[in-house]
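**Student:** Here is what each chain is made of, one letter per residue.
Number of protein chains: 2
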Amino acid sequence: MKRTHQNGELRLSHANEKVTLVGWVAKRRNLGSLVFIDLRDRSGIVQLVFDETMEESVKDVRNEYVLQVEGIVSERKDKNPKLATGEIEIKVESIKIINTAETTPIIVADETDALEDTRLKYRYLDIRRNQIKNNLILRHEVCLLVRNFLSKLGFVEIETPILCKSTPEGARDYLVPSRISNGKFYALPQSPQLYKQLLMVGGMERYFQIARCFRDEDLRADRQPEFTQIDIEMSFVDEEDVWSVVESLMREIFTQVKGVNLPEFKRLTYVECMSRYGSDKPDTRFGLELNDVTEVFKNTSFEIFKNIIDAKGIINAICLKNGGDKFSRKDLDKLQDYAKVYGAKALSYLKYSNQELSGSIAKVVSDDEKAELIRKFELAENDLLLFIADKKKVAQTALGALRTKLGHDLGLIDESLYNFLWVTNFPMFEYNEEENRYVAAHHPFTSPNLEDVDKLMSNQENCYSRAYDLVLNGYELLSGSIRIHDQKVQAKVFEAIGMSQEEAKDKFGWFIEAFKYGTPPHGGVGIGLERLIMILSGTDNIRDVVAFPKTASASDLMSEAPNSVDEKQLKELGIKLNK
Amino acid sequence: MKRTHQNGELRLSHANEKVTLVGWVAKRRNLGSLVFIDLRDRSGIVQLVFDETMEESVKDVRNEYVLQVEGIVSERKDKNPKLATGEIEIKVESIKIINTAETTPIIVADETDALEDTRLKYRYLDIRRNQIKNNLILRHEVCLLVRNFLSKLGFVEIETPILCKSTPEGARDYLVPSRISNGKFYALPQSPQLYKQLLMVGGMERYFQIARCFRDEDLRADRQPEFTQIDIEMSFVDEEDVWSVVESLMREIFTQVKGVNLPEFKRLTYVECMSRYGSDKPDTRFGLELNDVTEVFKNTSFEIFKNIIDAKGIINAICLKNGGDKFSRKDLDKLQDYAKVYGAKALSYLKYSNQELSGSIAKVVSDDEKAELIRKFELAENDLLLFIADKKKVAQTALGALRTKLGHDLGLIDESLYNFLWVTNFPMFEYNEEENRYVAAHHPFTSPNLEDVDKLMSNQENCYSRAYDLVLNGYELLSGSIRIHDQKVQAKVFEAIGMSQEEAKDKFGWFIEAFKYGTPPHGGVGIGLERLIMILSGTDNIRDVVAFPKTASASDLMSEAPNSVDEKQLKELGIKLNK
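Chains as they are written, first to last, in our numbering: chain A, 13 to 591; chain B, 13 to 591.
Just so you know, these hints were derived from the structure itself, not from any lab.
Worth double-checking, as some hints may not be accurate.
Just so you know, same-sequence chains aren't split out, so a pair can sit in one copy or run between any two.
[Stated by the list, open to error] Mimicking PhoX-like on lysine-lysine, the simulated pairs with C-alpha atoms at most 20 Å apart in a straight line are: (1) K352 to K405; (2) K145 to K270; (3) K580 to K591; (4) K91 to K404; (5) K500 to K108; (6) K528 to K39; (7) K519 to K580; (8) K382 to K357; (9) K517 to K504; (10) K108 to K388; (11) K310 to K324; (12) K375 to K318; (13) K145 to K39; (14) K333 to K417.
Just need the whole structure built from these sequences, with the hints factored in.
**Tutor:** Spelled out as structure tokens, the structure:
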């Protein structure tokens, strides 16, 4: 018998039982000839106590040694209420050293001051720490829950290929040279998008996959070169059907994992969302909404505002109730610097105090305009107005970023809330300055809004799509869309992004060919698994929820991948290094 | 309401209900102005009936059109007992053509005479066929069952990287050039072997993963360049613990999927298995075992046998009861040709008839030897003995292959049986003629048998390991081992395969470093998922259980991957084609 119990499960109710335990030495201290050892396994820690004179070998036992012990569960005199097993200890009768351990480069404890690079190099030691271990277990539990939940709804999990075809019109692909077909390459999938749509053509009706995806992009803090997506696709559906599945899935996850009954999922169109929050992934746990006050200044004599309005820009404002005394002139300059990062040229402000507005633009704003602002915002003593006047997109984005910063800095956020928001009707296209053409904002298989189909060729800018995001507390948790199932519409969309029929056939021919043979209406989502686990576990570091993560330069500090390979391997693949 | 029911679930009990259905036209026929359409969705087929004069549009409806219909469930006059919904039909009141379809390149029906290449090119149509669709659903169900079963046993599913480090000592890796570190490469994992062992070092104790694996090898009929493995690893275990988990998992799968209560899992060591069946993955659903009759011929005057025995070869025989008249001289020549493929130089035979042995070696076998054969095999009228005399390995392998062929050809196999067999104690090393050294037979982290540790350096040939396979009906379903957890033993094994300390450090340093810090005893298995689903679904074509399979030349006929990529992409990766 290697073990009779998990260490972490022992309680006072086990008192006087003889147990066999295994685990790692988490801590060791001597008290005279008595030795106390905290023995850790995956389930937790239990205290061992024994007499050193009993077994010579114990003298050598150090941290992280692997032990097997036999002993009697006994009630402790000095109970430790912080430990689940703190009411008992094990009076050890025999001990066996299963393996030794050198001094570990990082300490296996809840708190660590080890550099992250060291933790990544010795990831197997980092995984012994509760923080990482528990995140991995949580990730497992959520995945299992997702699989069971979707399966009950009739979804079938289907594995799609990792060795795929390189497709244009997306992020950068990871490539895999072919040995059998020298000079040709596979690409690792950025998502199973095309395959899942083909499964809908194939009549699978309800598909999902917890799927590995790959993007060879320069990594931001919250990205990994390989990541995992809860990928869902459904046939014979519209937006409401997809959202209903996602909402019920999220309710199940948050009930099971957090014990939380989620409030209603709000909805905003992209246009509404940008005008109210200056972001397509707003944190709606606090107010501080944006207000378009262009109308207030329509006859302004303040030249800067006037020029912006004439150039079809807007004046955007947020009102900080009772915030006037929270910001010095210097603070406001810093806020302006912050706004400038997002392209704003300036941040103006007005404080309301003693029935009067003072501040950076107090002298150039007319009395009528002031009165209108006071009325509109129902200004009270010590309120603060912040203005950004600029091109619409800049005024929204910069003030939206400022809103988020203020929400955090001023502690306006109720961290106990989980505010879900559907953002819908995204723009169909966005203009790519570099390529001097419109490109698909989501991907070119996203259905345009039915009423916008006629605008596809003539008015791309005002063409909206059936793409949607689900936002949670300011993070984009998923995105998805209803897809095109009509070949004629697909042809128009390709044309709208400047792709000739020949080009479309060359790039996506194998895919659009499928749509000739009876394609059902379909749509779906891809949910960022790491993001979801990060939110559920309360970490803001994606590497805390990945077993063996990579650094920002896409390298694995533990195995030292990527690495150099033999010349022979390259020769077989028909490639050579381009030095 | 897009649909009220799945087509395949409608029964007589639904009679007179008004239903809305969707699906694909599987068949259409006219009877006067009446039109009958078989409407197919994922759940099955239901018959629609309606009057063509009612709706003009119906005239155009052809196979694989996508329809939405409303109608009343009605009892059929001419019931179809072959169809689950065969007692009813839908009297259609309204019909909507959701999408049209061109004539499909393959017919969507259970039986197909389409070439496999055509089926692979139009895989999305092939998936509409019950055979493929049902296999994919079965695969999903088995995976879900495996996940739930292992989770209940405390196993945690953990995703290990796909972008890994290229490791020597295995099959050929797929490589992925790095853009950020030009000149360096990732490798796709042949299995999560090293990562799962590091998870054991990391204290996860019970890990599993349904993991994608990759091998860039020339493909046999039952291989794919990417395949899936039910990967399991456990700490603080020996063979019995691992086997117990696997056996209970297999029992659960076969009970749930096949309604079969599996018989006892038999066990044989590799040596026993080779001597009794001439194979390390024997089909034990029939007898026809091999017999070493070297002893019978120890004093033979038959020079060929004598020379073989002197050279430490063996004489191996199988006895075909009542098989004497089943084989003409020509048939036996063909069997000999078959044996020669496996390296045998000749196949000898003796028939027993009228109390006498006749046949190819009747004249050179002495009367004493004949008497001994008659006694040993309890020969009766019309029995047949087949002999291969050769080096032990050849005599076993060739006669083992012949045994399998005879088992199939003579219909000796009871197809209803699921005979599981653990083959244990595999050789630790095998001699690689090309490299002129011993290499690890399993992988270099496999533990030697404890009693063979002393032989590691001096007697590699007779060193056996704690590696095991699970064989089902002649197929290797999984392989696994207890791993080395003792650094000293690991060092010896590297030395035994001719790897210097420096070389070992260079190749596996990052991995063996981990073993310094308290490594628990551990072991596990990798179960071939495709093989398991093939056996459960009764197909012998691996491509029937993979959604989007590749051909023997590792290409995807549907997407035409691999393909050529832009020069720009290669430049970013720091590689060029070696023409």
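**Student:** Tell me, please, which holds for K145 and K270 at an alpha-carbon limit of 20 Å: within, between, both or neither?
**Tutor:** within (18 Å within a copy, 37 Å between copies)
**Student:** One pair to classify: K91 and K404, alpha carbons no more than 20 Å apart. Within, between, both, or neither?
**Tutor:** Result: close neither inside a copy nor across copies, 64 Å intra and 67 Å inter.
**Student:** When Cα atoms must be at most 20 Å apart, do K517 and K504 count as within-copy, between-copy, both, or neither?
**Tutor:** Within one copy only: 13 Å inside a chain, 59 Å across chains, cut-off 20 Å.
**Student:** At most 20 Å between CA atoms: does that hold for K580 and K591 within a copy, between copies, both, or neither?
**Tutor:** both (17 Å within a copy, 15 Å between copies)
**Student:** When no copy is named, should K382 and K357 be tagged within, between, both, or neither for a Cα gap of at most 20 Å?
**Tutor:** neither (22 Å within a copy, 106 Å between copies)
**Student:** Checking an output row: K375 and K318, CA cutoff 20 Å. Within, between, both or neither?
**Tutor:** within (15 Å within a copy, 118 Å between copies)
**Student:** How would you label the pair K333, K417 (within, between, both, or neither) given a Cα cut-off of 20 Å?
**Tutor:** within (16 Å within a copy, 87 Å between copies)
**Student:** Up to 20 Å between alpha-carbons, please classify K352 paired with K405: within, between, both or neither.
**Tutor:** So K352 and K405 pass the 20 Å test inside one copy only (13 Å; across, 78 Å).
**Student:** Should K108 paired with K388 be assigned to within, between, both, or neither, using CA atoms and 20 Å as the limit?
**Tutor:** neither (77 Å within a copy, 52 Å between copies)
**Student:** Up to 20 Å between alpha-carbons, please classify K145 paired with K39: within, between, both or neither.
**Tutor:** Within. Shortest intra-copy distance 18 Å satisfies the 20 Å Cα cut-off; inter-copy 55 Å does not.
**Student:** Can you give me the call for K519 and K580, within, between, both or neither, at a CA distance of at most 20 Å?
**Tutor:** between (33 Å within a copy, 16 Å between copies)
**Student:** Is it within a copy, between copies, both, or neither that the alpha carbon of K500 lies no farther than 20 Å from that of K108?
**Tutor:** Between. Shortest inter-copy distance 18 Å satisfies the 20 Å Cα cut-off; intra-copy 74 Å does not.
Violated hints for the displayed structure, listed by number in ascending order: 4, 8, 10.
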